[in-house]
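Residues per chain are reported as follows:
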Amino acid sequence: MESNDLKVMFFLAYKNLTKSKITFMVIVAVMAMSFLSITFFASIIDGLGYEFEEGMIRGQTGHLMIEPQEDDLYISGSGDLVKDIRRIPGVVGVARRLDASAVARYETIEIGNPVLFIEPENEKDVSDYWSSIIAGEYLSERDTDELLIGANLVKSYAAEGDTQKRFDVDVGDKITLSFSNGFVKEYRIKGIYKTGSRFVDDKIIINFDQYQLIFGPTEDIASNILIALPQRGMEGSYTEKIIDLGVSEQINKWQTKMGAVNQFVGSLQITNQITGTIGLLTAFATIYIIIFINVTNKRKQIGILKAIGIKKQIIMGSYVLQSLAYGITGVIIGNIVMKLLLLLLSIHPLSMPIGQVVPILTTERLMTTSATLILASIVAGFFPSRKAADENILDAIFGG
Amino acid sequence: MKKAMIQTVHLERVYATGAVKTYALRDISIEINEGEFVAIMGKSGSGKSTLLHQLGLLDKPTKGSIIIDGNDVINISEKERTRFRLYELGYVFQSYNLIPELTALENVYITAMARNLKRDEYEKMAEEILAAVGLEDRMYHYPSELSGGQQQRVSIARALVNKPKILFADEPTANLDSASSEDVINLFRKFNEEIGQTIVMVTHEKDEGDKADRIIWVKDGLLDMEKNAGYLI
Ligand SMILES: Nc1ncnc2c1ncn2[C@@H]1O[C@H](COP(=O)(O)OP(=O)(O)O)[C@@H](O)[C@H]1O
Ligand SMILES: [Mg+2]
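Residue numbers (my numbering), protein chains in the order written: chain A, 5 to 404; chain B, 51 to 283.
Bound-form chain B, shown alone (with noise of 0.2 Å):
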């Protein structure tokens, strides 16, 4: 039996410019389980980064809740949801957002430090992470002395470091050239494979989307019912 991870009921997160209004979720209700690889979908404008914000805890919801895990991540304090980023989620974003001043060893052990972990604990945490996404060369380089695919492999190890129950990607391979592109979602698949990781990606990537276990198809705010029919499993 499949147990849930995420669970979105009747999701909406509504804009508001000045006088003008913008739908950016409708109504998402969607459930995720443990251990599942799942693609977000959908033109550009849809929603598909806005929904992964709401799970991701970046952003609040207008209306709806969102369960992660079983716990209520909506209605609780600003601290408690800081910590549950730290925690339990991990997210890589498509401009890998690093910090420019961190060497990509300290990028990932940041988080692990920011635990409460001993010096050699959070160091060979980072350590392993690192040579899991293939970079134990380049440790002590600083961003800017990565390429763009190296960039973002560091920023999924920084995502992964703490071991969170879900890891979220916003189109990760967006400014990636096709080889960097393809050793991402390998290694997204082999965590996946290897140790479970629950996945969350938002792709334009049709072949990407593919190598997921599902897709959910968004359009306009609300969940494509055409496209995922065929999809559901």
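Isolated chain A (complex conformation) (with noise of 0.2 Å):
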């Protein structure tokens, strides 16, 4: 292959290309369909996925958990673990908890529920409690009488034709908690939340302080821990950090203590390989079924070119060239697009029962899928051409 065989081949396809402009905004509109129709969905599942562990992390666990050992059932000294976990340099928040349950009562209707009691300062620093208020206003330090509500619990955020039970209050009335030791209060509903998350949403929340209270002096005792870290993947070296510190309770990665829910995930994303690899195939069939109709209808052309001399790897490249054009700039437009689509969803992102899922992209998907159309465009450009090429010239022209 000489220089001058590829400039003949670069005119030849841009000829062609510039020549038959319906044909090229087809088979690129394609290209960059298949491209959306890949990435979109599976980012729409790779989102929800993520959000799915966030409302775990933002609700149940923090990045990190430190809980009592199998034969304990509480941590005792957390004040003062609290504080030492707080000067490793990085730790974003930490905030004790203690939960215990107890009847709820109001009006008529009585139901059994978990009670988180919370430190509601250090609790903004790892849990979204206080950022999903929907009505009146999340714990002060200083609430002694005061509780929140999660909107689960609550009958006028109840769906339509629900049948579970629920209260029927408002920010303000009153609900009496009735604890197993036989310790009675009654508490006013200072906020009600919502998390979104369907685990998260079903507690009633008070004041730490008003565990003693209920249960008499302790030693400073917690039933759990939550460390927030910068950002997820660091888990295992401040779990070496925490371990520097002396601790010798369980110290748990959100990762471990999803169980269930992190199968769930699990689950999402081979369904999301699966139904991806089955629209990459698709998308490769499609665009090899397209342009390879597109060449052979240039097999009189094709025959012509070879009549007058023209090189056969000049005619072959000269298709493989216009598919790669077809497919870059399908999946260019394709990636521009989900740029698009996904800067939207950022902006206004899609409410889902599990919370407000923003579609991710991996960098890998985006990758592959780019990889497998180009791809895909190339041989479908070399094998028909080749065929016609290699074709008789009076067959190729006089249609043989």
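Since the hints were made in silico from the structure, they are not lab data. A hint or two may mislead.
Derived, one-sided and incomplete: chain A residues facing chain B with beta-carbon distance under 7 Å [to be verified]:
| id | residue |
| --- | --- |
| 1 | L10 |
| 2 | V12 |
| 3 | V34 |
| 4 | G195 |
| 5 | K315 |
| 6 | L398 |
Virtual Cβ for every residue (Gly too), placed ideally from N, Cα, C.
Put the two chains together into one complex; each comes in its own frame, and the hints tell you how they fit.
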């Protein structure tokens, strides 16, 4: 192949592309749509999985969660532990919690329910309750007779036709809590929260100090301590730093705590892999077929070019170049449209039952999809044009 | 002393379609000299096109040999045959066969471009030959914007732009009205007389054949000896 051959190749490809603009646009549109159909759905699923995990992290587990060893019920000396951990550079937030349960009563309705004891200010650093208040206000450190209630327990936030037992309450109403030790106290609803996660929105939340009032003096105990890190993926190194403090309790990563949820997200990802692969194969086939038909339609042209003495390699090369142009343009347009969609959806996230889902397009998926589609177009340009270029000249021209 | 440009020896082309064998050419031995304008005539189906396809290296005979300007063009590689078509032969089809995506000028210069010439060289060559066929004002038109006669003149220009040793034309006027047909034949005469272009043209019009230096009559894949007798030079 000489440089002049390349010149003729580019010339023929350029003329074919620019003279058949409709063909060009149709093929590029198919390419771009294939790209979008693969990446868009996948990115929503990935975003869904991410949001699901984030909901757990920002409601249940933090990035790291310190829990008592198997035999113990509580972590003791938790106040000092919180202070020590907070001193580790980079730690975003540390908050301790206590769990109990109580029977909650409003008018004639009684519901047995988990009660979460929190330190309102510390809690802000590790969870999203504070930003999820949809009516009333978040707890302050000094609130003694106030509680927060999850939207799942409140009738006015139930879906239509929902038959689950709920309280017909609003902010300011008073709910009576009866604890297992017989302690009974009335609390005023200060705020109603809704994080969007079914697992989180069914708790009653009161101040950490209330635990001592209800159950008597303790040795500064906590059921668990949540730790927020700058971002995911740093769990391992921070676990070591916490162990270095001499902590003998269990230090669990959010991934470990997720259990079933993790499995759910895992199977979501597998589903995504499968549909993604099928999508790629379908796109590959579609692109192959349209380019194949296009090249097959150029059979006569290929015959004429051979008849006037143009080398086979030049002819094939010009078709591969054309296909490459379809592929690259389609992928670029697909990328641009996808970027715009992602931008739009990051400004206006999709509201889903689990929360606000922002699609996530991983670089890996972007690269595989782009590469596969471009590869498909090269293959689709190569084989049919080779077939046509290998054909008998007269058959190609006269359609033998 | 005239130099032989084309020689064929016992040329045979058999088409085998399943069990059926069609002898398009049975045994053709001819000689055409440099600078000759030869017409090939005969009834439809007699093998004229098949003969021209063999001479133009668009097809390969099942038997026999073809020598063009001293070169055996049968027992050479496909690559060399392609090169031969580009540099030494020009072919004009009945149905023009221009590339629809290229302008008249581009259709003509594509073959010159393929010869590794510089842009201004091949453009100049194409412009000159298009002017010679009377299309200087149609150079930037696409085939779809040209009449049949104009398209055929573009295809003649394309066939001649590389100054081939031989110009082949297979019923070049069959799709044209009589005025355009006359233009084409007159162009052939002109190139033959002015630059000594060797031309081999298939035609079924007796008056076109008569404009050639010689007619080779073909019948059932063989030379028609009876008719050729009268035309032998
Ligand atoms: N590709 C082919 N396959 C089978 N038979 C063919 C093919 N091409 C030509 N023929 C046959 O060969 C004979 C000569 O055809 P052709 O050279 O086209 O004749 P002409 O050009 O004189 O009309 C005819 O009988 C024709 O049917
Ligand atoms: Mg014919």
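**Request:** With a cut-off of 7 Å on the beta carbons, see whether L398(A) makes it to chain B.
**Result:** OK, holds: L398(A) within 7 Å of chain B, min 6 Å.
**Residue hint G195(A), partner chain B, criterion CB-CB below 7 Å** = violated (71 Å)
**Item:** Restraint satisfaction for V34(A) [CB to CB of chain B, less than 7 Å]
**Value:** Hint on V34(A): violated, closest Cβ of chain B at ~21 Å, above 7 Å.
**Minimum beta-carbon distance criterion (7 Å), K315(A) to chain B** = holds (6 Å)
**Item:** Agreement of hint V12(A) with chain B interface, Cβ distance less than 7 Å
**Value:** holds (5 Å)
**Item:** Evaluation of the interface hint that places L10(A) against chain B, nearest CB under 7 Å
**Value:** Since the shortest Cβ distance to chain B is 11 Å, the answer is violated.
In summary, the numbered hints that this structure violates are 1, 3 and 4.
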